[in-house]
Amino acid sequence: MTTQIQPDTATRTADPDAPLLTIENLEVTFRTRDALVHAVRGVDLTVHAGQTLAVIGESGSGKTVTSRAVMGLLPRTATVRGSIRLGERQMVGLGEKELRRCLGREVGMIFQDPARSLNPTMRIGNQLTEAIRVHLPMSRRQARERAVELLAMVRLPAPARRFHEYPHQLSGGMRQRVMIAIALACQPGLLIADEATTALDVTTQAQIMDLLLDLQQRFAMGLVLISHDMGLAASYADQVAVMYAGRVVERAPTRRMIAHVRMPYTRALLDATPRLERPPHAPLPVISGRPPDLRVLDPGCAFAPRCSRSQDRCQHERPELTEREPRHEWACFFPCADDSLPGEDER
Amino acid sequence: MSDTLTRSPGRPPRSQSRPNRLAGLLDRPARLLGRSPAVRVAITRVLQAVPVVWGATFITFCLMNLLPGNAAVALLGDDATPEQVAALSARLNLDEPFLIRYLQWLGNALTGDLGNSLQNNEPVTAILGRALPVSLELVVLAFALALLVAVPTAVVAAKRPGGFADRIGMQVSMFGLSVPNFVFALVLVLIFAVGLRVLPAVGYVPIAQGIGPNLRAMVLPATAIAFALFCEYTRVLRADIVDQMLREDYITTARAKGVGSWQVLIRHALRNSVFSLLTIVGLQFGALIGSTVIIEQMFGLPGMGQGLLQAINSRDIPVVQAYVVVMACFVVGANLVTDLLYAVLDPRIRHGRPAA
Numbered sequence: 000m001t002t003q004i005q006p007d008t009a010t011r012t013a014d015p016d017a018p019l020l021t022i023e024n025l026e027v028t029f030r031t032r033d034a035l036v037h038a039v040r041g042v043d044l045t046v047h048a049g050q051t052l053a054v055i056g057e058s059g060s061g062k063t064v065t066s067r068a069v070m071g072l073l074p075r076t077a078t079v080r081g082s083i084r085l086g087e088r089q090m091v092g093l094g095e096k097e098l099r100r101c102l103g104r105e106v107g108m109i110f111q112d113p114a115r116s117l118n119p120t121m122r123i124g125n126q127l128t129e130a131i132r133v134h135l136p137m138s139r140r141q142a143r144e145r146a147v148e149l150l151a152m153v154r155l156p157a158p159a160r161r162f163h164e165y166p167h168q169l170s171g172g173m174r175q176r177v178m179i180a181i182a183l184a185c186q187p188g189l190l191i192a193d194e195a196t197t198a199l200d201v202t203t204q205a206q207i208m209d210l211l212l213d214l215q216q217r218f219a220m221g222l223v224l225i226s227h228d229m230g231l232a233a234s235y236a237d238q239v240a241v242m243y244a245g246r247v248v249e250r251a252p253t254r255r256m257i258a259h260v261r262m263p264y265t266r267a268l269l270d271a272t273p274r275l276e277r278p279p280h281a282p283l284p285v286i287s288g289r290p291p292d293l294r295v296l297d298p299g300c301a302f303a304p305r306c307s308r309s310q311d312r313c314q315h316e317r318p319e320l321t322e323r324e325p326r327h328e329w330a331c332f333f334p335c336a337d338d339s340l341p342g343e344d345e346r
Numbered sequence: 000m001s002d003t004l005t006r007s008p009g010r011p012p013r014s015q016s017r018p019n020r021l022a023g024l025l026d027r028p029a030r031l032l033g034r035s036p037a038v039r040v041a042i043t044r045v046l047q048a049v050p051v052v053w054g055a056t057f058i059t060f061c062l063m064n065l066l067p068g069n070a071a072v073a074l075l076g077d078d079a080t081p082e083q084v085a086a087l088s089a090r091l092n093l094d095e096p097f098l099i100r101y102l103q104w105l106g107n108a109l110t111g112d113l114g115n116s117l118q119n120n121e122p123v124t125a126i127l128g129r130a131l132p133v134s135l136e137l138v139v140l141a142f143a144l145a146l147l148v149a150v151p152t153a154v155v156a157a158k159r160p161g162g163f164a165d166r167i168g169m170q171v172s173m174f175g176l177s178v179p180n181f182v183f184a185l186v187l188v189l190i191f192a193v194g195l196r197v198l199p200a201v202g203y204v205p206i207a208q209g210i211g212p213n214l215r216a217m218v219l220p221a222t223a224i225a226f227a228l229f230c231e232y233t234r235v236l237r238a239d240i241v242d243q244m245l246r247e248d249y250i251t252t253a254r255a256k257g258v259g260s261w262q263v264l265i266r267h268a269l270r271n272s273v274f275s276l277l278t279i280v281g282l283q284f285g286a287l288i289g290s291t292v293i294i295e296q297m298f299g300l301p302g303m304g305q306g307l308l309q310a311i312n313s314r315d316i317p318v319v320q321a322y323v324v325v326m327a328c329f330v331v332g333a334n335l336v337t338d339l340l341y342a343v344l345d346p347r348i349r350h351g352r353p354a355a
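As given, the protein sequences belong to chains A and B, one line each in that order.
Straight run, no breaks: the first sequence in numbering that gives the first Met the number 0 ends on number 346.
Straight run, no breaks: the second sequence in numbering that gives the first Met the number 0 ends on number 355.
Just so you know, the hints here were simulated from the structure itself, not pulled from any lab data.
Treat the hints loosely; a few may be bogus.
Stated by the list, open to error - Interface residues of chain A toward chain B, partial, derived using beta-carbon atoms under 7 Å: (1) L72; (2) L73; (3) G103; (4) F110; (5) L117; (6) N118; (7) T120.
What the hints assert, rightly or not - Derived CB-CB ranges, DEER-like: (8) A/V295 <-> B/F163: 32 to 40 Å; (9) A/D292 <-> B/F174: 35 to 43 Å; (10) A/D33 <-> B/T278: 35 to 43 Å; (11) B/P50 <-> A/D292: 55 to 63 Å; (12) B/F163 <-> A/R30: 17 to 25 Å; (13) B/I279 <-> A/D16: 58 to 66 Å; (14) B/M173 <-> A/V295: 34 to 42 Å; (15) A/E322 <-> B/I167: 50 to 58 Å; (16) B/G259 <-> A/H280: 50 to 58 Å.
As the list claims (entries may be wrong) - A few chain A positions that, by computed beta-carbon distances, are all more than 10 Å from chain B: (17) E57; (18) R274; (19) P291.
Quick reminder that beta carbons are idealized off the backbone N, C-alpha and C, glycines included.
Please model the complete structure; the sequences and the hints are all you need to start from.
Now the structure itself:
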């Protein structure tokens, strides 16, 4: 790499232990025609430099909304309360100009469908140099050189030729590589990958994940993996936060989480993951029922109606996310026992 | 590495124009002639145009014959005796059977001879040569004016959907779509010709007498036509941009890069909206060349619309036929140009892969 970019002082503070991203009591509500939708209901998360946090949950759990809130990319109908600090900068209520200066330079993002997240009528190169020149005072020529370097960095074959191609001329995996190159164009301290490998086939998925982790190590980035896939989190993340109905319901270092699941919802998610060890044609345990209506704010635990362990107390009182074992937090009154293996209490 | 396989850009493209079996039939000769998608679109469309233009002339010929009276009656007036009419009809070859006359006309037209006017024996090509530039200028000016105003208006409106500029823009364009262009023309005349006395109310000045005077004469009629077009384009373009801004992931990508919101709107959304705009502009351009009758009449412009109206009233079949041929060619031609522009502008078609 010939072009060196000065690390941004705002995100990389002198204290190496200070978190890169701190989300505190984040609440996001959407105004719809007839109701308020409480999509995120008080989320706390932290990400340190060089660390990978997986945010896991089914559709509507608020994981994507949380990530969009960090980027300030929510639609106008959304109201954001709470605190999101990127380094030392407060992102909630940031003006458009400051926000723009931040996006791409301090935090980058890649999305689920690489076929849709690149502009179909613009050349790869122009989409990449745009990301560079928005933030860095570079000539067209310099930006071009940097762009080709970036394409080589994400291991896109024949980067100089690809520079002139359009998204439709690339395969899905290659498009996602281009997206990564765009997100990392200005070497942000934090990268948010929103279901970044969901639309790809399994082989490509592994390649993209390896590339992401490799680049994360190289640049000591914080990485947030947003996914519904527990398996992905287990293989790649340092820490896992499970979200349900707009709240974090369990959080622990990955290994601890997999070995000692406490929250019945997390257990149900793990059980619903297809596994090779399962006997063929055995029905896959599914989580019965639907995620709760986000327009309603119930006093009890949001998962209680679908929970096999729920009792009377769960209907009236909401368990807080508390550190009940070292570095392991969960929000449940009747957690799963330690010795139960995944799926055991159902059989 | 599974994702290093490129899709071959040289794969034979699927035709963009296959609305019916006829097109499929014509696709084969086109494929023999050209490999580039643009060339093939062009060839297919030109081949398709032949039956369209021929059909238009035949139907017009039939309709003209169904109308009561003929050119002889029109020339001689109501007081003429049946003998006079019969004599003139014979002299003008109007007494021949319908099909014979049509085939005669068709044979001559195919050799480039569109015949002479039954009214004054003037060559039809000369009449066309006078009328076509007038209408063409009017329509081109109207389109240019409409697009010039509609694009910025739509962009500003789409910047803040439901905002002040958006509401004003949408109100004006809704109003404009519901007012017929001749009513709007009258208002324009009232303001600029009668009230302010800055522009002429009627009359045409050929370009040969200077661009300035020519444009002065054209401004009001062109504006009258442009207004409705402007309203439609503004609405279509605004809706398309707003839709993209809400829905498309590449817009979010651009925002996430830190690109400013105007830049996102213009560089990313407007760029993709060009295609929906192109479609309606292309469809209307061909059709509009003949539908300016009322405006040309009001402003005394000797264009195609006015000429066609006169020719129909005097049952001047050769002139009517010639106008119809030209208008049909314009419709087909405008569609062809639209398709070609797609092929040039959209990289997905340009590189020979059908758009997703």
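Now for the hints, and whether the structure bears them out:
no.: 1; hint: L72; result: 6 Å, holds
no.: 2; hint: L73; result: 11 Å, violated
no.: 3; hint: G103; result: 4 Å, holds
no.: 4; hint: F110; result: 5 Å, holds
no.: 5; hint: L117; result: 6 Å, holds
no.: 6; hint: N118; result: 4 Å, holds
no.: 7; hint: T120; result: 5 Å, holds
no.: 8; hint: A/V295 <-> B/F163: 32 to 40 Å; result: 36 Å, holds
no.: 9; hint: A/D292 <-> B/F174: 35 to 43 Å; result: 42 Å, holds
no.: 10; hint: A/D33 <-> B/T278: 35 to 43 Å; result: 36 Å, holds
no.: 11; hint: B/P50 <-> A/D292: 55 to 63 Å; result: 59 Å, holds
no.: 12; hint: B/F163 <-> A/R30: 17 to 25 Å; result: 20 Å, holds
no.: 13; hint: B/I279 <-> A/D16: 58 to 66 Å; result: 60 Å, holds
no.: 14; hint: B/M173 <-> A/V295: 34 to 42 Å; result: 39 Å, holds
no.: 15; hint: A/E322 <-> B/I167: 50 to 58 Å; result: 56 Å, holds
no.: 16; hint: B/G259 <-> A/H280: 50 to 58 Å; result: 55 Å, holds
no.: 17; hint: E57; result: 21 Å, holds
no.: 18; hint: R274; result: 24 Å, holds
no.: 19; hint: P291; result: 26 Å, holds
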